[in-house]
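**Q** Chains as they are written, first to last, in the working numbering: chain Y, 1007 to 1282; chain H, 1007 to 1282; chain S, 1007 to 1282; chain X, 1007 to 1282; chain V, 1007 to 1282; chain W, 1007 to 1282.
For the record, the hints were derived by calculation from the structure and aren't laboratory data. Everything numeric in this text was worked out from a predicted model, so none of it was measured. Just so you know, not all the hints are guaranteed correct.
Unchecked claim - Beta-carbon label-pair distances, calculated as ranges:
| hint | chain 1 | residue 1 | chain 2 | residue 2 | range |
| --- | --- | --- | --- | --- | --- |
| 1 | S | D1009 | X | Q1185 | 33 to 39 Å |
| 2 | V | A1124 | Y | E1032 | 27 to 33 Å |
| 3 | W | R1237 | V | D1279 | 57 to 63 Å |
| 4 | W | R1037 | Y | G1277 | 51 to 57 Å |
C-beta atoms are modelled at their ideal positions from N, C-alpha and C, and glycine is treated no differently.
Protein chains: 6
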Amino acid sequence: MRDAVALALAEDLLPLGDLTASLLPEGAMARGALVARGSGVLAGRRCAMEAFAQIDRAIEIEWTLDDGDDVAPGQVLAHVSGPLASVLTAERTALNFLGHLSGVASLTQRYVDAVAQANPATRVWDTRKTTPGLRALEKAAVRAGGGVNHRGSLSEGVLVKDNHLTGMAIGDAVASARQLWPGRLLEVECDRIEQVTEAVAAGAGLVLLDNMDPDQVQACVALVRQQGNARTLVEVSGRVSLESVGDYARAGADLISVGAITHSAPVLDIGLDVET
Amino acid sequence: MRDAVALALAEDLLPLGDLTASLLPEGAMARGALVARGSGVLAGRRCAMEAFAQIDRAIEIEWTLDDGDDVAPGQVLAHVSGPLASVLTAERTALNFLGHLSGVASLTQRYVDAVAQANPATRVWDTRKTTPGLRALEKAAVRAGGGVNHRGSLSEGVLVKDNHLTGMAIGDAVASARQLWPGRLLEVECDRIEQVTEAVAAGAGLVLLDNMDPDQVQACVALVRQQGNARTLVEVSGRVSLESVGDYARAGADLISVGAITHSAPVLDIGLDVET
Amino acid sequence: MRDAVALALAEDLLPLGDLTASLLPEGAMARGALVARGSGVLAGRRCAMEAFAQIDRAIEIEWTLDDGDDVAPGQVLAHVSGPLASVLTAERTALNFLGHLSGVASLTQRYVDAVAQANPATRVWDTRKTTPGLRALEKAAVRAGGGVNHRGSLSEGVLVKDNHLTGMAIGDAVASARQLWPGRLLEVECDRIEQVTEAVAAGAGLVLLDNMDPDQVQACVALVRQQGNARTLVEVSGRVSLESVGDYARAGADLISVGAITHSAPVLDIGLDVET
Amino acid sequence: MRDAVALALAEDLLPLGDLTASLLPEGAMARGALVARGSGVLAGRRCAMEAFAQIDRAIEIEWTLDDGDDVAPGQVLAHVSGPLASVLTAERTALNFLGHLSGVASLTQRYVDAVAQANPATRVWDTRKTTPGLRALEKAAVRAGGGVNHRGSLSEGVLVKDNHLTGMAIGDAVASARQLWPGRLLEVECDRIEQVTEAVAAGAGLVLLDNMDPDQVQACVALVRQQGNARTLVEVSGRVSLESVGDYARAGADLISVGAITHSAPVLDIGLDVET
Amino acid sequence: MRDAVALALAEDLLPLGDLTASLLPEGAMARGALVARGSGVLAGRRCAMEAFAQIDRAIEIEWTLDDGDDVAPGQVLAHVSGPLASVLTAERTALNFLGHLSGVASLTQRYVDAVAQANPATRVWDTRKTTPGLRALEKAAVRAGGGVNHRGSLSEGVLVKDNHLTGMAIGDAVASARQLWPGRLLEVECDRIEQVTEAVAAGAGLVLLDNMDPDQVQACVALVRQQGNARTLVEVSGRVSLESVGDYARAGADLISVGAITHSAPVLDIGLDVET
Amino acid sequence: MRDAVALALAEDLLPLGDLTASLLPEGAMARGALVARGSGVLAGRRCAMEAFAQIDRAIEIEWTLDDGDDVAPGQVLAHVSGPLASVLTAERTALNFLGHLSGVASLTQRYVDAVAQANPATRVWDTRKTTPGLRALEKAAVRAGGGVNHRGSLSEGVLVKDNHLTGMAIGDAVASARQLWPGRLLEVECDRIEQVTEAVAAGAGLVLLDNMDPDQVQACVALVRQQGNARTLVEVSGRVSLESVGDYARAGADLISVGAITHSAPVLDIGLDVET
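Just chain Y, with the same shape it has in the complex (with noise of 0.2 Å):
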């Protein structure tokens, strides 16, 4: 995270620094607050914190909300106060990663809200479809929006996908998951139900259901409960928005994974305002 934040302060103040600032008046102070200009979830808290405090340390954050939770337009998020010219140097930084962050909580939230009323029992995770270089800080604010975490890289679980079934057979990939990687998420694609068959049979702990219609998932998580182990899992990929949300956690998906909270979610607009 700190790496994160000192990388935008250099790509946003190197070489010169910051131009603007430099003609304000020497030791100017500024109070303001951090206010949301939307509605949605917070997150990046700790982000935002880190570029005040990586500009200059005697800035000082008094928050009244903590990631997670809801923001309403007009609601004053944090008090800061500190030297002006160090407080609008920091403040874009700050701004682009708590806007963002909390963009991607509003959006998982919008989902969660989505499923939770169709079927408490199913929830929304995420994808490796995030952000290249802030997949770590996203996947949390995933969490701040109420999603849970699908796995956080190549390097976590076994998800065998329809192109790498180009190469090899589901039963096999799965013995040699199990064989080479053992008591890990060991998960199958499957875009047709003799798939879903064959999945359950090897023993994949999760089955992903992509790109079928609800009335087909349903049939598959039939097929799942009555073949698999109490525990095996079935997620439902593909064709999900807020609006088919409901009807694909209606038809008894585990878990559904949402590409677009991480990659598509808009920013939650957050602005600072100084007071005069």
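Once you've looked at the hints, dock chains H, S, X, V and W against the given chain Y.
**A** Frame of chain Y; chains H, S, X, V and W shown alone:
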């Protein structure tokens, strides 16, 4: 760019590498295609190439399109061939860059098109509201989408905003800027028409009209054309959407800045289809 | 890997370079061989190649063996040729990687062999007790030695240990883990047979029997097979040595974790002999 | 040191952090102790402190021992207190440094003690056969164990080895070294007594006797004392073990280099016991 | 700045640390002073403080002067106190920054003074001819010496030089620049008066007169004042020395760029005197 | 070296790249030459090549001279050809390295020549007063200029200076050094002839005569030759200029250290001329 790709691969592969790819039979080769699943503008080719190359120099990519080219759903962007395991290990990172940057270019183009229809003399440019760590790549994607770049960083030019004006007057700020930072971009944010008069008189090279409606913009533009230097530029920001951007263009702004093209651009969906 | 090699070369060469090699006559060429001075298993070939390549692209290496192959004392592992000064400058760094990683692979193989003779169904895996900075390389060396990898990091799976149990009960921990981190490796360390019952009942996917003797292990394995899911795995740790590991395997453990293979593996002695 | 710790924490925590610690109840605090499970010499205190500090500044450590102090099985090395989750997240990284570096110090001490009993004028020093990336830390651990450091890098001094002598004669090498690298450590590896004569005549400051038996060493020492400068030093390497090292000391070597103390030191087993 | 200091300390201390300081008696404390041995302008205080702080937080520094203040030979710049070993270990790195950056500020001031006497409306600014890796620090030192900064990087503004004009005409270059990089510094290098006419007509904001004599400059300035925008600036470069700079100022240039202030500034000699 | 070049390019190009080069017509190619505008010694060829290569592998460079060769004004050092935009983007970074390092080599050569005429047995060497971050490159440039290198870092040898002697006596310092850091460069700074006696008696390998006049140096040299070991070396520092250096050489010093060759060397002016 090399570092950004290396960071993204590291966050996806450490410490054990790609567990699933390790299950594939040794020597399996792949031929596949990068295929668009939506329409927009391509950007980020070099990042995608770098991701494949860092994983395995044996992967070959032949592009059918260049950055900045239009993309239609189903269109093949490139042919990819090489060791199956390597291709699948690099796939997600390559696509994360390509999808995100093409998303930025695509949304930029929509704004650019809307503006071009309304007033060919007006241009769309970006802001410093970029994703932390990706400033340079996103600004290049904006150019691929037909937009231009506002200042790349706080170090590149002077932009006196409302928060700065809590600490100094417009006239003093502009005079100091000319003294300390000669020759540079020198812009003043104005919320009221009186400020425009003040900024132009002081010698600002750009006037930023923030949160005004098109009529106010039109009045301010007239003022600038009358009182300003022949090369004084007028920028509009705030309240700008795909619906309203045409009105602002027709009001005569030289430049319209849109934060959304970098901070809220949805991904352009691109997939990798391996031939079976 | 590239970074680890660059770091190792930097710590051996900065700031003045190789003083001794600078004394050699310009243009002197070398032909030499990497020769084992002990027996074991080869690992780390790519690191050695990278070290030579970073010093001088003109150095050529022809390997006679691959990672994972058995090595006998006196055996030639590779032929090296190139500028004498470059070869000698890279030598120690290349050998430090090769010796250390082959040492890890070699000790792993000794455990794997001892286990295989006792119980072919039992496997040896590693721990997080790795050398700081070399986690990924050492885990790969374990695989070269025939072992498998336990979780690569704290981020990869849940392992509730005795120290965690000072803060929560087994049942609660497992339930939370299933809720927060669905689908993942979920293991509970048990020091007593009662804990095994509790862990299995809660739904742990792995049970770690710590510091038990083989008889206790046998009893716990029986318990797990009776009460657990068909796929619940039993791991043994603590008190494991080359002498005792066979007894633990015969007691029926699925997996035996051995910290020594990464934290206490003596180097495999490998030298570079330049032909006079 | 800060970077080495940051790297080690990153490889253990990215991208999702410590999954298991996330299950602990918020606000749970821990008091615990770092306890030795074997005997040896402590080293690496600062690395352990840095690891805890990088995770959470609220963790407090009170040491009962210093680097270089003897450690007995069961001895408490330090008391640790702070948030339970933070303590457990940092635990393994802190212990990996502490165990590895204390292992280096402990094995060094065993050699130092064996030498001291045989000949108090002889000293043990290390080699460049260190673990990649940990050169500085391991060389400090050798000092903690009572050893001294041979050159830290290729950049620090001249050591003409057998492989160099394939490209130049001893006399020429020494003369060039005095010319190009005045004032520095200047050592020649000798496999035969004739080379000793040659090296001393050329003006080497150290003579390295490689792979000789104690009788040969004694003869060479006599030769150096007779023909050399009063300050010419004799070093022994090769064939050195805990059993043989006393014989080499008695043969009159000034310095005995031991690669094993850095490349093959078993860990000193140290654990963290949290009070229930 | 933190990274530049860390890099400098690493190149002075790795891998064994400060051998000489290790000989000092434990607990020895020092009081000393940073004393100028020449006259000039102070710059680089923050780098020096950072160097001492990175070595030991216990070192205290009290400055008697600020960056930009005049320095006389023998003058005490700061009092330093703390552990003797730490102070001496950090000394050289701190002084290397302080001496180099004060050297840049001092030479800048000499040019600034020479210009001020000749024409108070003319200013001295720097170039991109900076020491690799120290751009930001040297540009700050120029400001401390009373100079201003030309563009910080190629990314900050457009400067069309003679080499660019081998590939395009002045008019086309300026027109493209206004189109692609609106609002930015836009400068054209002119070797002949005809080019000045062309550049001004095209709308360049700055005209760079390269390698002209003062008379030619005077003629070109007259031309610009007559034909250009009221804010078009004239810069002189080439053939500028402490002797000639006054003539160029009197010729009416707005800005004179001097590469020597960053690429050829002799160090300001500053030493550390420890009280006995 | 690769990192130093990458850092220098980053500080010149981020975040928007080379604005001016972006204006050039696509496909424009350049042929040009690196031409000296002054006389001196070439150094830094590899850095310049690396800068061009990191920007564009398609740029080709043919050198007519090697590092260490004499350079006359107007002489062509290399021919450069490739895409015009790439060549111009890399130009300044390549020249900054080349000019600075050749400047170091050139000033070194002037001292070396002055010394050679006075006393062929005396050599010029450098100090640790190098530009932060460029230690290794500047020390190589000193060698290119015919000088030799004093210790590369504090880690390489012992040099007891006046400030150290506030905390310990010469005899104790030398004895400790021989004990703790055997075989290494061991030097004592002496301001008075009594200290020389003391240092030689204690066994220092080098005696540094600081701030003495040539007569005092001659007396001290005589003392060392009489009382010291045949290989004890005498170094002179302080008060050394191009005018005085010959006198110190004639006084019999073995080595004369000159801080100015690294900290105050003016750039060797080198330009890139593109053929029209």
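**Q** For every hint, state whether the structure bears it out.
**A** Hints, one by one, checked against the model:
no.	hint	in the structure
1	S:D1009 <-> X:Q1185: 33 to 39 Å	holds (37 Å)
2	V:A1124 <-> Y:E1032: 27 to 33 Å	holds (30 Å)
3	W:R1237 <-> V:D1279: 57 to 63 Å	violated (33 Å)
4	W:R1037 <-> Y:G1277: 51 to 57 Å	holds (53 Å)
In this structure, only the earlier hint numbered 3 is contradicted, and the remaining ones agree with it.
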